[in-house]
Each structure stands twice: as C-alpha cells, then as structure tokens.
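Could you slot chains B, C, D, E and F onto chain A? The hints should help.
Protein chains in written order, with the numbering used here: chain A, 1 to 332; chain B, 333 to 664; chain C, 665 to 996; chain D, 997 to 1328; chain E, 1329 to 1660; chain F, 1661 to 1992.
Keep in mind that the hints were calculated from the coordinates and are not lab data. Where hints are given, some of them may not hold.
[To be verified] Here are the simulated lysine-lysine pairs, DSSO-like style, with alpha carbons at most 30 angstroms apart:
no.	chain 1	residue 1	chain 2	residue 2
1	F	LYS1896	F	LYS1910
2	E	LYS1522	E	LYS1546
3	B	LYS365	B	LYS647
4	C	LYS914	B	LYS422
5	B	LYS550	F	LYS1878
6	F	LYS1975	D	LYS1253
7	F	LYS1941	A	LYS315
8	D	LYS1086	C	LYS900
9	E	LYS1409	B	LYS582
10	E	LYS1643	C	LYS979
11	E	LYS1552	E	LYS1578
12	E	LYS1643	B	LYS556
13	C	LYS911	C	LYS888
14	A	LYS218	B	LYS365
15	E	LYS1564	D	LYS1232
16	B	LYS422	C	LYS921
17	E	LYS1609	E	LYS1585
18	B	LYS526	A	LYS81
19	A	LYS218	B	LYS647
20	F	LYS1884	A	LYS315
21	D	LYS1243	D	LYS1220
22	F	LYS1750	D	LYS1243
23	C	LYS882	A	LYS257
24	D	LYS1243	E	LYS1564
25	F	LYS1989	D	LYS1243
26	D	LYS1243	A	LYS257
27	A	LYS247	B	LYS647
28	A	LYS236	D	LYS1077
29	E	LYS1361	E	LYS1643
30	A	LYS247	D	LYS1086
31	C	LYS921	A	LYS236
Note that the coordinates shown come from a computational prediction; the quantities given were computed from them, not determined experimentally.
Number of protein chains: 6
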Amino acid sequence: MTTPEFEINRNILSGNTADYEIIRTGEILREEKINPDVVVDFTFHDDGILCGITEVRTLLNLVLPEKTGQAFSLEEGQEVKSGEVVLQIKSSYASFSTYQTAISGILASCSGWATAAKECFDAADGVPVIGNPARYVHPEVVGMADFSAAVGGCSSTTTMAGHYLHNLTPSGTMNHSFVLLMGDSLRAMNAFDKHMDLDIPRVALVDTFSDEIVESIKIGHSMKGRLRGIRIDTPKSRGGVTPELVKEIKSRLDNEKLGYLDVIISGGMNPERIRQFVQSKAPVGTFVVGHYIASGKPKIVSADIKSIDGINVGKRGIIPGPASNEGFKQIH
Amino acid sequence: MTTPEFEINRNILSGNTADYEIIRTGEILREEKINPDVVVDFTFHDDGILCGITEVRTLLNLVLPEKTGQAFSLEEGQEVKSGEVVLQIKSSYASFSTYQTAISGILASCSGWATAAKECFDAADGVPVIGNPARYVHPEVVGMADFSAAVGGCSSTTTMAGHYLHNLTPSGTMNHSFVLLMGDSLRAMNAFDKHMDLDIPRVALVDTFSDEIVESIKIGHSMKGRLRGIRIDTPKSRGGVTPELVKEIKSRLDNEKLGYLDVIISGGMNPERIRQFVQSKAPVGTFVVGHYIASGKPKIVSADIKSIDGINVGKRGIIPGPASNEGFKQIH
Amino acid sequence: MTTPEFEINRNILSGNTADYEIIRTGEILREEKINPDVVVDFTFHDDGILCGITEVRTLLNLVLPEKTGQAFSLEEGQEVKSGEVVLQIKSSYASFSTYQTAISGILASCSGWATAAKECFDAADGVPVIGNPARYVHPEVVGMADFSAAVGGCSSTTTMAGHYLHNLTPSGTMNHSFVLLMGDSLRAMNAFDKHMDLDIPRVALVDTFSDEIVESIKIGHSMKGRLRGIRIDTPKSRGGVTPELVKEIKSRLDNEKLGYLDVIISGGMNPERIRQFVQSKAPVGTFVVGHYIASGKPKIVSADIKSIDGINVGKRGIIPGPASNEGFKQIH
Amino acid sequence: MTTPEFEINRNILSGNTADYEIIRTGEILREEKINPDVVVDFTFHDDGILCGITEVRTLLNLVLPEKTGQAFSLEEGQEVKSGEVVLQIKSSYASFSTYQTAISGILASCSGWATAAKECFDAADGVPVIGNPARYVHPEVVGMADFSAAVGGCSSTTTMAGHYLHNLTPSGTMNHSFVLLMGDSLRAMNAFDKHMDLDIPRVALVDTFSDEIVESIKIGHSMKGRLRGIRIDTPKSRGGVTPELVKEIKSRLDNEKLGYLDVIISGGMNPERIRQFVQSKAPVGTFVVGHYIASGKPKIVSADIKSIDGINVGKRGIIPGPASNEGFKQIH
Amino acid sequence: MTTPEFEINRNILSGNTADYEIIRTGEILREEKINPDVVVDFTFHDDGILCGITEVRTLLNLVLPEKTGQAFSLEEGQEVKSGEVVLQIKSSYASFSTYQTAISGILASCSGWATAAKECFDAADGVPVIGNPARYVHPEVVGMADFSAAVGGCSSTTTMAGHYLHNLTPSGTMNHSFVLLMGDSLRAMNAFDKHMDLDIPRVALVDTFSDEIVESIKIGHSMKGRLRGIRIDTPKSRGGVTPELVKEIKSRLDNEKLGYLDVIISGGMNPERIRQFVQSKAPVGTFVVGHYIASGKPKIVSADIKSIDGINVGKRGIIPGPASNEGFKQIH
Amino acid sequence: MTTPEFEINRNILSGNTADYEIIRTGEILREEKINPDVVVDFTFHDDGILCGITEVRTLLNLVLPEKTGQAFSLEEGQEVKSGEVVLQIKSSYASFSTYQTAISGILASCSGWATAAKECFDAADGVPVIGNPARYVHPEVVGMADFSAAVGGCSSTTTMAGHYLHNLTPSGTMNHSFVLLMGDSLRAMNAFDKHMDLDIPRVALVDTFSDEIVESIKIGHSMKGRLRGIRIDTPKSRGGVTPELVKEIKSRLDNEKLGYLDVIISGGMNPERIRQFVQSKAPVGTFVVGHYIASGKPKIVSADIKSIDGINVGKRGIIPGPASNEGFKQIH
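Looking at chain A on its own, in the form it has when it is part of the complex (with noise of 0.2 angstroms):
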C-alpha cells in the first residue's frame, strides 16, 4: 500500500463539523488567557481494527505546532483491546482542541468498518474477500469505507474514491441492470469482451434470466478460454447463494471441461455465512462483501485530558494521568 492522499476539506478545519460546545468553550478559554500544555489520550472502548490513524495524521500535521506539538499511536490496522490508548496528543490545548471531535469520529468509523472487514478476511481463511460497501455508506465517505475495508484485509474494493486512498485495482465487471439491457446474459458477456481492455479480466454474472449453471456453461463455451470466472449473486427467494449450489456448479462446470472458472459469490455475506462455505469446503474463489462491512459499528473513542501543565489528572471515573503503551510510534 502506498501513501495514500487524503484531503481535509474546509467545514472540518473551520470548525463546523465539531461539538459546538468544544468551539463555545474554547472561546472562553482564550478569554480567561487559559491554554495550558496538556496530554490528551483516546481510548477505545471496544475490541476491535484501528483504522483512521493514517487521515488524523494527515489533520495534526496540518493543524499541531511543529516544534511544541506531539502526537503518538499505535498503527494503521493494528488490534486493539477495549481500554487501550490508541492515540496520544501532547501540545497547548488551544492548538487542536477543535478537532477531537473529527479525530474521534474518524477513528470511531473507520475502526467500525476496518473491524468488519478484518471478521470477513479471518472467516474466508485466505480465500480474497472483496469490499463493497459503497452502496449502503453516504458517497461522501465511500472513499474512507473503502480504505476502511482494505485495511481490514480485502484484497480490493469497488471505487475510484476507494482506489486513491488505498491504491489497489477496483474490482468489479458487470451488474443485473446491464445483463437486462442487453436482453441476454451471453450477448452482455460478449458486449463486455468486444469493449474492454484486455487486462480487465472476464467475469460473467450468470443468474439475472435463467439457472446460474445453464447460464454459465452456455457463456463458458461461447468464450472459448476467455472467461476467467462466473459471479453468482442468487437471490434470497431463489435460495440465496449455497454450498451447495457452488458445489454443484463445480461439478457441472468440471464436466463441461470448465473447472477452470473461478466462483465469484456475493448476495448478504457475513462471517457467518462466509465460515459456512469454508467449513463445507465449498469451492469458492472470492467473496464479496458490502453490506456487512458498512454496517460496521462505530468504535467508541474518548478523548480524555491526563495531564495539565505536567500535573496528572483525569475527570471522575477515569484513572488519572498519561497512558504509556509500548506500540506508540511518533506521529507528529
């Protein structure tokens, strides 16, 4: 994975997407000539995938004092357990107090999603999972989702906006609404062969008008080698996608001289399901999973003052001063 670019836009830095009562109190600090220097850790509240570290970086860089500011954390990816102190800031308070609420919201979602990807990589056991959460998250943070997912562990996902971030090759080949339009699952197939670039490997989506196996094993011969894989996206009232039925298709598409395609199966995976197809031994090429990795629930992160001017505190209900954590590397 190269660097990747993130952009901090204008209503972040302005201010505006913060707690109002951070901004309102920060006013009246700066009457009362408060700006102490302090220490300020963010702890997780959950087990889970840090994820984010990599954009708050990119924040503090912007916004922290060069020379009195610091700023330390574990990771990008790492595992973190609930009470751990993921993120370390030291600099005057003034300095970045209006951003925790940015920095929380960062690490908290894309923890939430990194988490949910990391579940589905661990339950695949090395068969490549592939994110696709952009159609159940705003547009806005598609990009962060998608970056999200890989360091979760998916081997690509299915954006541009993913792709500056994290730099693999988007996946993806064809939809329903294409096979529909074409009127015929193999004259979509061979639209698709004539029109793309030869790198972009052949997928044929094989359930939108009749049986996956009748569909595949007709498109399979008609492309004559080309085609690297079928993706199955079976829907619910017609028994969703199976062990069995990948089973099955294996089989017939071994028959036909076809074992060569790879499976491609998508349609409401989780790590349950996904750990389903595994243990059965069904032989599946990749998964594909959305909904389940959008839906990752944000991490709690607190921001909680240690210290003041060196002196260790901490509000009730919080062991007072700095966390030390041997995984911190510096920052900022």
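Relative to chain A, chains B, C, D, E and F alone:
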C-alpha cells in the same frame, strides 16, 4: 424546517464514488448505442424511516434531463415497510445510471440514522431528545447525520454543519475538559456565565470532580436563578446515569429550592434505557443520544430496472414491472 | 368414501405378530380354565386423530363371538384427547386376547399418520393437500398409510394400494427420472400428452434441467391451453420452494397469459412450512406432503382390563372400571 | 444371525404400492421405446444405521435381469452418513423402475427403526436391550420392525414374526392382564411355573396390585430359587421406574437373600432415560424398549438417475454421475 | 387470632445481637453528647408479606420512652411493595438505636417465612395448607416460623411453640418412625386410636411399608368409619406424590365405600407443585408445606435516618425526609 | 477456635419446638411399652458444608443415656455430599426421639448459613470475608448464624453473640447513621478516633455525603497515617460498588500517597459478584457479606430409623440398615 442546502461534491458527480462496474458497463452501452428509456425502482429491504430524499432530489435535479426525466418518491421522514418502493426514476438509462450507487448510499445511511433517532424519540414519549452523533461518524458526514437525526425527531443536534442543513439551534454547553482546565466546576460555570451571550442557556456539567448533587447544589445556589439546568454524564464505573439518581437529584434540588433546574442526561442512551427512565417516571428534562444514532444500521436499498422502453422486466427473483405507491410525490 | 376392504393376513390371524407373552399366558389360562367375561378399554395416551377403527372392525368381526362379544368405538377420523378410551371390547377373554397387540398396533400407527395429515390439512386452510407417504413407509403398509392420510384430510394420495382402501383417484403425473430419460422437459410433457388418457390432468415438472420459470413458460406456450398446472420440487441446495418463488412464478406466468396454471409444490412440506405459504398469501394450488405424514409418531394406545365378570378392576396406577364415552358407536 | 426369509407380497410385485407416477411414466417410456441402461443411486439424507438391505436384495433377486442387471450396497447394520449412497442399481430402466418406491420405503422405515434401536443399545452400555415395538406398529410390519431392532443391537424381540426373520429367541413372560385375571401376583407366577416348559425363564411381573418390593419378596421366597428375575413396569402416576427404585429393590432383595434376581425394566424407555440408569449405576438386568423404536423416524432415501447409457446426468441440484463407495458389496 | 405473647430475651435486650458498630458509635455519640430527636424509616426492598410487627411492638414497648417516643407501622400480614416504609420510629436516637439490628432481623426473617406461606396459600385456592417448617429452622425460632406461617395463611402448624404465639390447634398425627416401630401400619393406627383423645382426628400414614392404596383400604375398613383421613408422603424415588396418584387413591377408596377419607399430602410441596394439583383437580384434602416456608428468603429491610431535629436528611442515594404511608397505625 | 458454649433453652428441652406428632406417638409408645434400641441416621439431601454439630453434641450430652447411648458424626465444617449420613445415634428410642426435630433444624439452618459463607470464602480466593448476617436473621439466632459464617470461612462477624460462640474479634466500625448524626464524614472519623481504644482499627465510611474519593482523600490526609482503611457501601442507585470504582479509588489514593489504605466493600455481595472483583484484579482489602449468608437455604436433613433391636429396617423408598461413614467420630 426551512429547505436545507445540500452540496453534491465533485467526487460524487464525477462518478468516483460509484461502483466501478456501473461505470464500465455504462461505457459498453454507449459503444453499443443502447440507451432505452427505463424505470428504476429503489426498494427498501427493511422497515424504517425514510431519509435522504432531500439530498437525492438535489442530486437528481443536477443530472436528470429537465424535460424527459421524471422522479417520484415518498417523503422525508415517512415510515416505510420492507418491500416498499421509495423512489422511482423514469429517464433514459445513461442519464442517471452513474448515480445509482450514490443514491442508494445516501438513502441507506441517512435512513439508518433517522430510524435510530426515531426509536429514541418514540421511547422518550414527549421528553426532548438531542442528537449527538458527531464524535462517532466520519466528519465528512457529520452534517448529514445531524440532519437525519432531526428528521427522526431530535429537537436539536450539536454541530454547525448540522445546523446549516436542518436550521435548528445547535445544542451544547460545556465539556469535561473545560471543567478540568478551569480546575473547579463552579469556576467553570462562572466563566461560562461571564463570557457567553445571554440567550445561551446556562447548563452546568456536574460530575467532573465530585458527587453530582454536591456540585449541583453548590453551583445552583451560586448562580442565583440564572442556571437553567444541569447535565449528568456519570461514567459507567460510577453506576452511569440511572432513574433513581435522577429522582434523588430532583428531590434534593427541591429541598434546596432549586427544583426549577432541568436535568439533562447523556451517556450510553438508547431506546431501551430511555424507556426505563420514562417508565419509572424519572423527571428527566432532556435525553442526549450519540452512539446509538451514529450506529443506525444502513437500510438496504436496492435499485432494479423494472421496465425497458415500456416493457415490464425484472431480473430473476424479482416480480417484473414498476411499482405504484400511493404516497409518491413527483420530485423532478 | 365407500367402505374400504381391508384384508387381515394369516400372520396376524395366527398370532405370529402378537407379543409372545400374550400367547404364552393365553395357554396357561386355558390350562387353568380361566376365561371370564372381561371388558378391555383401549386408551389413547396422546391427543390426535383416531384412525384404524375400520380395519380393527374387520378384524373383530372375524374373531369375536357373534352373539356374546360386543365392541364399541369412536369414529374414524375423530379428534381424541389424551386419556380418552377409543375402543371397548366386552367378551370372553380368550376370544380376542391374541389380537390385542394387532389392534393397538393398527390404531397406533394409523392414528399417527392421520394426525400428521390432519395437521397439514389444517395448516393448508382450504388449499388441497395430496398425501405422498409411499416412499417413506414399508411397502406392506403403503395402503394403510394412504388410507390414514385420507382420513386426516388429504384429498388424494399416490398409490393404487391406497385407492383400493379409500377409493379416491390416485394423484401423480411424472417424476424427475422421466424428464431426465426424455432429455428435455418439453419433450417429456409432449410424450405424456400424447400417450395419456385425456382425463388425466397435464401437469409439468419444471425444475429438472433449468430455471423453473424458464421451463414453465416454454411448456405452457407449447401446450396451448392443455396444460393444467406445473409442479415445483426445487431442491434445497437451490433454495427449495419458497412463498416468494411461487409469487414470482405466478406473476411471470400472468405476464405471459399463463395465469390459469396451477402451482403444485412439494419437497419437505410440513405444517409449519405450509403455514408460511398460507400466511404470506403465496398462490399455491396444491401441497404435496410425504415424509411428514410417513413420520407421524405412533400414538400410544394401551389395552387394560377394567372389569372381570362384572367386577371393576384395574392394575395399580389405573382408575378401575370401564370407561363410558358418549361418542361410542357399536361396531360389533 | 441366519439368513432371514423375507417374502415379497403380490401387492408389491404388481406395482400397487408404487407411486403411481412411476407406473404412468413407465407406460409412456414403453410406448416411446425408451429403455436405456441406467445407474440409479439410492442416497441417505440423514445419518443413521442402514437396514432393509436383506429384504431389498430378496426383491431385486426376483426382478432384476440375471445377467445384465447389477446391484451394489453397503451392509445391513452399517453406520451411514447423510449424503452417502447406500445402494446402486445398474440395469435397463424398465427392469426395476416399478420397485423404486418399495425399495426406498423398505430402507427408509427399517433404517428408522434400526437407528432408534442402536441409540438405545449404545446408551445401555452393555446391558441387554429387548426390542418391543409390536404394539406400536401396524401388524403387517411387526416382523420387519423386530428384525430392524435386532439389526440395531437388540438381543431379542417379542414376536414370532420377528423370530422368523432374525432367528433370535422371542422374549416375554407375562402381562398385567394375566396377573389381574389370576387375581394375585403369586398365584399368577405359580400357574406360569406349573405350565411352562422348564427352559423358559421365570420372570415375575410385580407391580400389578401392590408395592413392587412387597410382591417381589413374596414371590421370590415362594419360588425357592426357581425365579430368574422380576419385571418392573411401574406406571408414570406411581413415579415410573427410576434408578433409585431399582437400587432400593436390589438392596432389599439382597437383604432377603434374593440378590440373584435380575431386574428387567420397561415403560417409556429411551436413550436418554437409559443413560440415566447407566450413569447412576442402577443394577438393571435388561431394558425393554417399545415405543421409542417404533417411532424411529423414516430416514429419507432418494433414488436418482446418475447415468444414462454411460453418460453422467443428474437433475438440477444434484452432482451428476454415479457415486463410488468403498463399502459397496455386490448383492446381485 | 388472640394476641400472641412474645418474650424478648436478655441477649437481645443487652445488645449482644446488635451489629457491633451500632454499639460502638452509640458510645461515641454519648461521649459527644449528641442525641437528637430523629425519625428512622424501615424500608422494604422486596415485595412481600409484612410479618414480625407484633414482636417488634413488644420490643419497642419495652424500650421506647413512654411519652416522647412514637412508632407507626403497617399491619401484620399486609402486602408490601418494594420501596415501601413499613415502620417509622420517632424518638431520641439513643433510646432505640441499639435495637435497629434486631428490628430489621425480626421483620426480615418473619416476612420471608410469611411471604413463602402466602404463596402456598394463594396457590392452594381454598384447600387448607398446614405449615411444617419446624425441622428446617433452628429450634430457637420454631415458634416465630410457625407464627409467620399462620400470618401467611396456614390454617395450622405443627409445634406447641407455634401454638403459644398464634393460638391455632397444632396439627400432626404420626410419623414413619412410629409405624416402623409398631411394625405394621394397621397396628400403628390401632394403637393411636386406642390411646389418643377422641377429639384428635385419626389420620393414617400409609406409605411406610407397602403400596399406599393397599394400606389405606386395609386400615380404612378396619377403623370402621372412625378414620378421618390418610396422609401420603410417597418418597421421590417412588414417584413422589402426584395428582394422578391422588385421583387413583380417591377412586379406589370410593370403590371401597371409603370415599369420605381426606387425602393429606406432603413431601416437597411448593407453590408450583400445589398449583399442579389444583389445576388438575386432584381431590386433595390438605397440603403440608415445610421446607418451602422455612426457606423463605429474608426480605431486605433497611433502617435509615430521615430527619434530625426536624430537618430532612438522607444518606447519598436516599431521597431525604420521612415517608408518609396511609396505612400507618400507631403502635407506640 | 476455642470450644463455643451453646446453651439449649427450656423451650427446646421441654419439647415445645418438636413436631407435635413426635410427642404424641412418643406417648403411645410409652403406653404400649415399646422402646427398642434403635439406630437413627441423619442424612443430608443436598451437597453442602456441615454445621451445627457442636450445638447438637451439647444437646445430646444433656439427654442421651451416659452409658447405653452413642452418637457418631462428621466434623463441623466438613464438606458433605447429597445422600451422606452426617449423624448416627444409637440408643433406646425414647431417650432422644423428642429432639429429632431440633437436631434436624439445627443442622439444616446452620449448614445452610455455613454453605453460603463457604461459597463466598471460595470466591474471594484469599481475600478476607466478614460475615454480617445479623440484620437479616431473627435476633434469637444471630449468634448461631455468626458461628456458622465462621465455620464456613469468614474471618470475623459483627456481633457479640457470635463472638461468644466462635471467639473471633467482632468486626465493624461506624455506620451511615453515625456519619449523618455527626453531620460530616471527617468530623465523624475524628470523634471515632478520639474516643475509641487504640487497638480498634480506624476505618472511615466514605459514601454518606459526597463522592467516595473526595471524602477518602480528605479524611486520609487529616488522619495522618492513623487511618487503616475505608469502607465503601455505595448504594445501587449510585452504581453500587464495582471493580472499576475500587481500581480508580486505589489509583487516586496512590496519587495522594494514601496507597496504604485498605478498601473494604459491602452492599449486595455474593459469590458471583465477589468473583467479578477477584477476576478483574480489583484491589479489595475485605469483602463484607450479609444477606447472602443469611439467605443460605436450609439443607434438608432427614432422620430415619435404620435398625430396630439389631434388625435392619427402613421405610419404603429407603435402603434399609445403618450407614457406615469413614469420617464418623464418636461425639457421645
């Protein structure tokens, strides 16, 4: 609510956030000169509150042909059942296919947030609910999350980004960091009182250093009637906020002739916990809900071609033909 | 239903199928010259549908003394509660003791089947149910299982052996083997149409080679109005038969002006699944139920002496004395 | 076990018990002169104990062409897993298609009984189990149920019909009716002792009139060493037979120098209850199991054409081609 | 119920049974000359039946100042909800502080017993319940447990110690030891009949040696109408006492013209089991309940100062100020 | 533990607390001049800790014939399994029959308390447990409950009545009433410090008026090293005492150089909650357990005659003959 002003950013308009297969097959269709008039139905696959239609309308107004394109939808905030079609677009396929991912994503995530907010609103049974998702969602979507919370029934949210969309006065007074920096709850309140405009309600945060009631009474007396309420955010390790605590606080405030103070509570609120307060008749003034709204699971919204040049179609597993819905209003 | 003609075979009449202890103690009683007039009650220990009384009557008419023996029973198909006496025999002990095992066995197994059929009948709420237990029960009892299914409410069953007992027209058209051997679903249907009498309804089996709907429409159009229905038996690995599938099929058939076709479904049907179809208003024409009826658990029927030469008796744990039951009809 | 002698009755041989659709399509195929060589696999869809193969072999030997027909199967009593092929027939289709229903039915019901018996046998952990299904199954199949119980591990069953098939000595001594008719448990035992051959073990039934132990001791002393055991069938309303009861009985019998008496128990026995006796070390001599074996759920056995004139086939949902199974023995 | 005569023993009056911290701090307060007038509320923290007030009144009348002390309480046997104040004492602190532990303890344990008895009483639905806790509680409190059982609804208990408090005739006839020592149930009954006053009801214990019914009938006939009832205490290993057993006994007694005999049952009775008898309409004459009543969990009763010299107070977590309760009666 | 001095009161010795049927049948046996030598076994029907044997020995030594009576028992505090005989008395029946109810009751209730205490002791894993049942049991048995708690492993209890039996120093310092009456936690502690002997440990109760930590630190500094610990009894409405609270308190005390203070916790403690503290390594100094010990369910102890004049007997349901138990020690 005045009309919010959503801006659709370049990334979305350029197709960067679309599922790449839509872009690819769009190119093929262009090459093949296939561009029929289609009807595409956007169907909910869950029960919930519809949200995001305002932003979708803004997008469609930018891209659909002014004369030949049409769009119909249900209304922002409407209750929707699983299987219901919430949006129907009639236009040439090429005119809007690029934006199907974005439209699905806006509706999925905003409806997820609005539904979660609505559950809290219903549970609160008339007591105001403030939505506070900002620190749990990515800052790019803080405004939309706040807007969705308002659609779901929140009487206010906590950021300016939200305010620009839903036009409600942002809520929020002070945070624990401020109190820690001021070194004393009363001193913090006094500074707030001194510097803030008079139309901003004075609400004390009373659990930073000592017992909530000890602090409340001290500040209440000191503010001599200018205090409007107290905010309780007792940490879990101190028992969290409970109905019994709220009852005891109100009773002791009454004893001290401070019964006019509102009790605003936050910390892990969700519909179930809100119901406990309501059912046990704890005199809560306002509920503040953050993580539960931010975690609102995206509603699955699928986009399906139902008619091509006037002929009913549908992929396998779908009943062919466009839906009709009495609730449809034309939005383009 | 005309009177069925049961035959009682030699094995049963000779006592070979009786519990041997009954034979042995019969011999001793003969030696001891003990043969009082007794009343024996046959009691149900479960709730359920009584079945087998017709066959039991046939047996009793063969063995009971014409003048001195008497038998009373509830009626075939009647609902019975646990603890109810369903049959009462009054005669000299030696005249029928040999047949107690057979009588209990007939009532136990036939009532088990009939009860299972009744549960399906009730769930189907007016939609016809065909009983198809033949391939799950021993061939020696296929007729009795079919008869019991009819007593439980099935409008037809699938064997001639059943027909000879309940006199209903046997149901069934073609099987998957036939379609495989003909090599094509349409060719199979045409052959059926060519050779079968005109009074046999034409029903196509449409899931052998390809998608159910693709095959249905092809055959439907080809048969030009002579097709009466289609049978769906989608295998579990392809999602089985679901309410959504039936709805989609009917909708697509309607689109093709084939809406007059009945949809007959089979495959793992049981009361719970039938109820799902009925509750979701899937337009099913007929349910076919096999394994569930065949698995109807034998109802426990105990035979107890309740009176000896006019004196009330009962083994320990039994309330002594013959039962009276308003529903009793004399059958001998 | 010597070879049992099954007789296949006329009803079965004539096709009366076959699913009628098999008969009908057989006629069409004859008309169409379609009669290829096929391979039909009979597949188990449950785990269980295979039973019925002996009877099936008898049937196949009567109907399959002597030279061109072949059949292979697993062995009677073998443990089978779901998905395993237990019988494979290779022959011209017309030569055996009529009997597929009967073959499936025999295997389904006999394997159901044998599996239930095996579960009891395993639970009993070495203590003999007597199978007593006769009063819960239809008398036509009492012999097969007894045979299946023996295949599942029962050391004896209770009817002559069973004996003719499995050749084990039938078990059983006296029943409650006998004791009631004799008017006294001791008098009943004495009559039994007087009239029965000496090689028949004397076992007293001791719960008809009074306390089990009171009766046991009275009879035990009276029989002066000729008593072999006692049978306990305590009704549920008197607590049923429990491990504690068996322990107390043995202890009191020991006190009376009657410790040599076996305790044979019956009444609602099933694997779970048997395990309770075994685990609590109750000194049970023999378990008698009736209803549980008779209720053995038919195993689903499907018959599928897997090859037609040497070409692998299979209906949709089935992996095409005949199975191979290392356990196959040729039976024809 | 006449007024019971509780005696408060020296140990209690001397403070030996008080929590020692009360004694210690009492000394300090004396040294500091702090002895204000206080109001102490005794609050229930469970739902239940209030019991022990009579004994507490006896104690308070011994120790509270005759003129300046006051006490108010709910009534013996009243139903109380969690959070309700059951006793309120107004006096100088030193006058009764020593006895707070004892008062709480009396109310806690007696209310626990009474509540358990009440649950049985309610379940019995009009059939008398005899309380028999004596063998499960410490003999020092047998009288109080019996008294509490009577408060909870028992129509009698089994000890003289109880009788002295609640004045009901003690219940109980003979035990298994007696029958064993007499060597025969009938002989035991005859001896009882011979030596006991005529006003003591003759009730036979009939499960010591043999079957309950065999013994009942024998004794019933022998006593020629002088027998009032039979007591059944069938041990668990013999099935315990069940509704079916009671029904069979009554039916067989009826057959023998002994239907006038009451059936008194004991052995592991509790509300759930009692309900089973009542719901199945088993003709039980009396239920005897021992262990369930003795196990009545102590109700938590806390004592809190609510007012000091007329000023409302309360420790943290308590709403300050004395409770008012419409049900209060003055008891001192 | 030195020998405790139990006193058996007149009520018990006179038979007033015995089940009245024992008294009555005792009279009959006297009249009948039946008084054989018997062996009576007292059997546990639950698992648990034996307690009460010391008091039972005191009673037996008062009543058993010095020469001809014998008694054997397991030891105070021993673990006992269900079905084990814990006490065996050999004597003439009349010499002790009156006391069977009392003996059973002592063992039942004391073993119930001791078992509950032992569960807490085991859960505490080495941290001391103080037993505090006094306010939940009747004051007549406060001493026995404290004694039983000590037998179960408590290192101290809270009343003088307990001290007289188990000889451990009673525990306890101050209560909330004391702090309320002193008006301030620090003032209360100072008064305690001033008046109490120096060998009594100074432990502050710190949750009466304000936050536990605020009060602890204030008192800790003021007492200048003379404070031994703090007691936390946070009410449920304030979150109760949690592992996190204890950790935070210790951490803040450490910050203040007050890390030497023990944290003593009370309030709804039971084995499950104690385990939570132990497993999360919260630095608890002492657990105080009251209601859980007081609620220890009486263990069922039955008394059965097993031998009469040397002949083994037993009522129905009991294995006849005296038990032998390797653990028996002679106690009379």
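Do the hints match the structure? See the list:
1. Between F/LYS1896 and F/LYS1910 the alpha-carbon distance is near 21 angstroms, which keeps this suggested pair within the 30 angstroms criterion.
2. The suggested pairing of E/LYS1522 with E/LYS1546 holds, with an alpha-carbon distance near 17 angstroms, which does not exceed 30 angstroms.
3. Only pairs whose Cα atoms come within 30 angstroms are accepted, and B/LYS365 paired with B/LYS647 is accepted, the gap being roughly 22 angstroms.
4. About 26 angstroms separates the Cα atoms of C/LYS914 and B/LYS422, which keeps this hinted pair within 30 angstroms; it holds.
5. Among the hinted pairs, B/LYS550 with F/LYS1878 is consistent with the structure: their alpha-carbon atoms are about 18 angstroms apart, no more than 30 angstroms.
6. For the hint linking F/LYS1975 to D/LYS1253, the alpha-carbon distance of about 19 angstroms falls within 30 angstroms, and the restraint holds.
7. A C-alpha spacing of about 22 angstroms is found between F/LYS1941 and A/LYS315, which places the hinted pair at or below 30 angstroms, so the restraint holds.
8. The hinted pair formed by D/LYS1086 and C/LYS900 meets the criterion: a straight-line CA distance of about 27 angstroms does not exceed 30 angstroms.
9. For the proposed pair E/LYS1409 and B/LYS582, the alpha carbon gap of about 23 angstroms is at most 30 angstroms, so the pair holds.
10. Of the supplied pair hints, the one linking E/LYS1643 and C/LYS979 is violated, its CA atoms being roughly 69 angstroms apart against a limit of 30 angstroms.
11. The suggested pairing of E/LYS1552 with E/LYS1578 holds, with an alpha-carbon distance near 17 angstroms, which does not exceed 30 angstroms.
12. A hinted pair counts as satisfied when its Cα atoms are at most 30 angstroms apart, and E/LYS1643 with B/LYS556 qualifies at roughly 26 angstroms.
13. The hinted pair formed by C/LYS911 and C/LYS888 meets the criterion: a straight-line CA distance of about 22 angstroms does not exceed 30 angstroms.
14. The straight-line distance between the Cα atoms of A/LYS218 and B/LYS365 is roughly 25 angstroms, inside the 30 angstroms bound, and the hint therefore holds.
15. Taking the CA atoms of E/LYS1564 and D/LYS1232, the gap is near 12 angstroms; set against the 30 angstroms cutoff, the hint holds.
16. Distance restraint check for B/LYS422 and C/LYS921: the Cα-Cα separation of roughly 26 angstroms lies within the 30 angstroms cut-off, and the hinted pair is therefore satisfied.
17. Between E/LYS1609 and E/LYS1585 the alpha-carbon distance is near 21 angstroms, which keeps this suggested pair within the 30 angstroms criterion.
18. Proposed proximity of B/LYS526 and A/LYS81 is contradicted: the alpha carbons are some 42 angstroms apart, above 30 angstroms.
19. The suggested pairing of A/LYS218 with B/LYS647 holds, with an alpha-carbon distance near 18 angstroms, which does not exceed 30 angstroms.
20. For the hint pairing F/LYS1884 with A/LYS315, the CA-to-CA distance comes to about 26 angstroms; that is within 30 angstroms, so the pair holds.
21. The suggested pairing of D/LYS1243 with D/LYS1220 holds, with an alpha-carbon distance near 22 angstroms, which does not exceed 30 angstroms.
22. Between F/LYS1750 and D/LYS1243 the CA atoms are separated by roughly 26 angstroms; this keeps the pair inside 30 angstroms, and the hint holds.
23. Using a Cα cut-off of 30 angstroms, the hinted pair C/LYS882 and A/LYS257 holds, with the two alpha carbons roughly 28 angstroms apart.
24. A C-alpha spacing of about 13 angstroms is found between D/LYS1243 and E/LYS1564, which places the hinted pair at or below 30 angstroms, so the restraint holds.
25. Under the criterion of a C-alpha separation no larger than 30 angstroms, the hint pairing F/LYS1989 with D/LYS1243 is consistent with the structure, at around 28 angstroms.
26. Distance check on the hinted pair: D/LYS1243 and A/LYS257 sit about 68 angstroms apart at the alpha-carbon level, beyond 30 angstroms; violated.
27. For the given pair, A/LYS247 sits about 24 angstroms from B/LYS647 by alpha-carbon distance, which is consistent with the 30 angstroms threshold.
28. At roughly 28 angstroms between alpha-carbon atoms, A/LYS236 and D/LYS1077 fall within 30 angstroms of each other, so this suggested pair holds.
29. Using a Cα cut-off of 30 angstroms, the hinted pair E/LYS1361 and E/LYS1643 holds, with the two alpha carbons roughly 22 angstroms apart.
30. The straight-line distance between the Cα atoms of A/LYS247 and D/LYS1086 is roughly 26 angstroms, inside the 30 angstroms bound, and the hint therefore holds.
31. Distance restraint check for C/LYS921 and A/LYS236: the Cα-Cα separation of roughly 26 angstroms lies within the 30 angstroms cut-off, and the hinted pair is therefore satisfied.
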